[in-house]
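Enquirer: Produce the complete structure using the sequences and hints provided.
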Amino acid sequence: MAGVAVSTTINGDNYEYLCQPDETLLDVLRDRLGLTGAKEGCGTGDCGACSVILDNRLVCSCLVLGAEAEGRTIETVEGMAQGDQLHTLQQKFLEHAALQCGICTPGFLIAAKDLLAKNPDPSEEEIRFGLAGNLCRCTGYDKIVRAVQDAATVMKGA
Amino acid sequence: MNFDPRFSGRQFKSVGTRPIRPDGVDKVTGRARYGADFSMAGQLVGRVLRSPHAHARIRGIDTSKAEQLPGVKAVITAADLPDLTNGDAAMFDILDNCMARTKALYDGHAVAAVAAVDARTARQALKLIEVDYEILPHVTDVDEAMQHGAPLINDAIFTEGLEEKPVKPSNVSKRTQYGHGDVHEGFGQADFIVERSFKTEQTHQGYIEPHACVANVSSDGTADLWVCTQGHFVYRQHCAQLLGMEASKLRVTSSEIGGGFGGKTHVWAEPVALALSRKAGRPVKLVMTRDEVFRASGPTSATSIDVKIGARKDGTITAAEATLRYTSGPYAGMWAEIGAMTAFACYRLDNVKTVGYEVLVNRPKTAAYRAPSAPMAAFAVESAVDELAKELGMDAVEFRIKNAAQEGTRSSYGPVYGPIGIGPTLEAAKDHPHMKAPLGKNQGRGMACGFWFNFGGQTCTDLNIGMDGSVSLAVGTVDVGGSRASLSLVAAEELGIDYSQVKAIVADTSSLGYNDMTDGSRGTFSSSMATISAARNAIKILRERAAQTWDIPVDDVVWEKGHAIARGEKYGNLAALSLKEIAAASGKTGGPIAGHSELVADGAGVSFATHICDIEVDPETGSTRVIRYTVVQDAGKAVHPTYVEGQYQGGAAQGIGWALNEEYIYGKDGRLQNAGFLDYRIPVCSDLPMIDTQILEIPNPNHPYGVRGVGETSIVPPLAAIANAVSNAAGVRMTHIPMSPPRILAAIEAEREG
Amino acid sequence: MVEVTLWGALGQLAGGKTKVEIEAKDIRELFRKLAEQYPAFEPWIDKGIAVAIDGTIYRDTWSKELPQGAEIFLLPRLAGG
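So the sequences go chain by chain: A, B and C. Take the first sequence: its letters are residues 1 to 158, numbered as in the working numbering. Take the second sequence: its letters are residues 159 to 912, numbered as in the working numbering. Take the third sequence: its letters are residues 913 to 993, numbered as in the working numbering.
Honestly, the hints are just simulated from the structure, not real lab data. There could be a bad hint or two in this list.
[What the hints assert, rightly or not] With a cut-off of at most 30 Å between alpha-carbon atoms, the simulated DSS-like pairs for lysine-lysine come out as follows: (1) Lys976(C) / Lys323(B); (2) Lys326(B) / Lys929(C); (3) Lys929(C) / Lys466(B); (4) Lys437(B) / Lys407(B); (5) Lys560(B) / Lys594(B); (6) Lys560(B) / Lys548(B); (7) Lys698(B) / Lys976(C); (8) Lys588(B) / Lys466(B); (9) Lys945(C) / Lys323(B); (10) Lys929(C) / Lys323(B); (11) Lys118(A) / Lys156(A); (12) Lys326(B) / Lys959(C); (13) Lys560(B) / Lys466(B); (14) Lys407(B) / Lys959(C); (15) Lys223(B) / Lys357(B); (16) Lys931(C) / Lys323(B); (17) Lys976(C) / Lys466(B).
Expert: Given below as structure tokens:
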């Protein structure tokens, strides 16, 4: 099967790749570009571990085709820190121990970043519903919600 | 050697603090490497063909067409994994579960596998494999499987544990019995008796990371395996045995693990990946899909439990009895036995009897899931205890306090308890503000207790001191929830240095001696003991080096706050030597400084918890909402309290999912109908409230710091606590888990109709 | 001489006895003598038997001493999560 040539922007950098027409964006990120921060937990858009921001919209990259990224802008967890400076959300996830195994963490960070971009001052309920597309099996979500609350407070003040 | 594990009360400097975990930055930046994040040059993609039938004889498998497909490099069946188990029945079951031999025993049972240049070719190849099945009658329900005339799953299984050896094979592989006293007499003394039957459905551990590995077998008989596992040393033993390799030639590296909860203590795909790599002569990466994870790995037992408890008017329990039937998948298990041991472990009973039946069904081989078997037994027992308290007109907490086990009590599974925490958790729950908070309309409060044994086991740790005085700690227990942080704290505590000077890693199987896996809540308990021992061995060398430097007897050198100090007035002018100074000079005082430890961390203290929860039930729809949740649990000593809280919260959340939503649903055809996270719904963020925690510290006498395991007990009480809350909210006793809206609504309507 | 209580399915291995008396100073000697007196124990010992000494469960420390008068229970080895 002939490959599709794609030119796209990921975390501010230009990428060009060939992918199969039926290949997901998640597979392209992980297997072709070496960006393994996004994880495959289900492949059916139920767990959110593969969350990326595509043109300012939170998506499950397992439900997007690699070919659909043509000419678009993608943000992944690898692009959150600036150099060695962690994003506030990353720092707060560490401080609050908002991760145990950490497999869901990249997806939660991306989903939380998208949430705070759209709603800088969310209530606990808004955080809980805003992150309801991401599954975590370790934490019971308590410390994740607290980390996002704390990050929102810091980011508002910034 | 000569390590004294006994508890000694001491003041802590590092232990009990809450620093950031050493593996944290990698995990928030996406750099941490999990099972599927590793690749090798030239690797092939492995895929597994699975039985669509619940029970079928495999008459033949034709792989020729798949083998001829361009890009396919290996196709294997059971013939490529010959039986090398040498009469070890448990290992044979593992082998048969990895690749079906004569019969497919459940929907999802592996029957063949391929390795191809890419995923598309591998998928096409699976479609070209022709399996000739003779479909057999199947059974998936625990009670039906026990009935006379049920389809027989294995005609070589005769029930063990009966007075007379049975003459006919059965789906019940074993009967076990625990208890003491005379329950018949005990019930005779009772003024009130509650007797009920309960059912719980099968659940999955639901780790977010599917099983994944990369296998690379070389033609010289050596091999590497990269894998997400709770125990890479155990995986090495199992894989080496099943493939006929020498263990030392198979190097297993554990990846970061994306959740396990017991589900990654068993091999499934790893021997298959190794066999594919061996045949293809290339590395093979094998990653399960979520569908495969549900259909083929994991699940806990489905159960059917009868409970009978009697008490006098004064609230003293006079007798307790339970019959527990647990599914073990299509192989013999010991899950009901664990249920039988744990069921009444919270109570002080003169007359107690539990009987367990291990039941074979056409479902995936049952695997451990966080305090395996205990939550279901606790659901049945704690529901009946609550009901009995009501009949007596006693407060649910007071009734439990009155009957709680204590130091010196003969446990329902046999031995007499040492110092334990059931009483204190109950007292703490009684005094907790949650207990007095007002409830709204349609809301009910429930509470329940839980018990788990906790394990220790074989453990090996290396502690190496660098020339700059920094410390690397190599442990062999996989870090499932922050143990590298807690073990770094322990090393810092013993050496008297700062946490930031210690870096802990999980070593591969060729770099460290054997370690049992991280199960039974043993990770921090066992490896902290080995770390303390290794640090003390290193301190002995540090003292020797200081003595050498000073040219004084080593017995005159003590170790305090990270420094060697010459003891005695005659050494008044000798300045203390820091660890850093001794390390810097090590090249000239005898070479590298290290401490090693190999030990069996036995004497893990048993653990108890009490949970309180408030549930709102919508009487029109039967839907539920968790309003408030509190966990009180004994940790012995919380090394890193934040991660202890995390274990409490995580266990409670898994229990909440089990109680309210999660279940395997099988069709009449014996096929799993909800093998995905959409239809097998685990709790999401908006389903839960904050989960409040209270850590009690009743020191374990068999650990230098008093540490007990904390990982598992937190999943034991939730099923019952929620059932009791629902019962109090809706006025109906729920006897079937999960309490999904249809079940609750049906119970409410049945109650209304009287 | 220590008195050992056989629990769960283990009693049947000793012909239905729930208690046996054995002269043993540690777990290793206990297992060796058990296997000599009751050969049915041997495969169980290989698979793993836990020993509770005064309430504390030992799974692998075969060098653990058995104090005189201690309460000793043999239990099946369990799985954990």
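Enquirer: Look at each hint and say if it fits the structure.
Expert: Outcome of the hint check:
Pair hint Lys976(C) plus Lys323(B) does not hold up; C-alpha atoms about 35 Å apart against a cutoff of 30 Å. A distance of roughly 26 Å separates the Cα atoms of Lys326(B) and Lys929(C); the hinted pair therefore holds under the 30 Å criterion. Between Lys929(C) and Lys466(B) the CA atoms are separated by roughly 27 Å; this keeps the pair inside 30 Å, and the hint holds. Straight-line distance between C-alpha atoms of Lys437(B) and Lys407(B) comes to about 17 Å, which keeps the hinted pair within the 30 Å bound.
A C-alpha spacing of about 20 Å is found between Lys560(B) and Lys594(B), which places the hinted pair at or below 30 Å, so the restraint holds. Taking the CA atoms of Lys560(B) and Lys548(B), the gap is near 14 Å; set against the 30 Å cutoff, the hint holds. Proposed proximity of Lys698(B) and Lys976(C) is supported: the alpha carbons are some 25 Å apart, at most 30 Å. Simply put, Lys588(B) and Lys466(B) have alpha-carbon atoms about 26 Å apart, close enough for the 30 Å limit, and the pair holds.
A threshold of 30 Å between alpha carbons decides the hint, and for Lys945(C) with Lys323(B) the separation of about 26 Å falls inside it, so the pair holds. About 17 Å separates the Cα atoms of Lys929(C) and Lys323(B), which keeps this hinted pair within 30 Å; it holds. Proximity of Lys118(A) to Lys156(A) is assessed by CA-CA distance (about 13 Å); at most 30 Å being required, the pair is judged to hold. Between the alpha carbons of Lys326(B) and Lys959(C) the distance comes to roughly 26 Å, so the proposed pair stays at or under 30 Å and holds.
About 18 Å separates the Cα atoms of Lys560(B) and Lys466(B), which keeps this hinted pair within 30 Å; it holds. Proposed proximity of Lys407(B) and Lys959(C) is supported: the alpha carbons are some 24 Å apart, at most 30 Å. Between the alpha carbons of Lys223(B) and Lys357(B) the distance comes to roughly 46 Å, so the proposed pair goes past 30 Å and is violated. The hinted pair formed by Lys931(C) and Lys323(B) meets the criterion: a straight-line CA distance of about 22 Å does not exceed 30 Å.
A hinted pair counts as satisfied when its Cα atoms are at most 30 Å apart, and Lys976(C) with Lys466(B) does not qualify at roughly 38 Å.
In summary, the structure is inconsistent with hints 1, 15 and 17 from the numbered list given earlier, while agreeing with the others.
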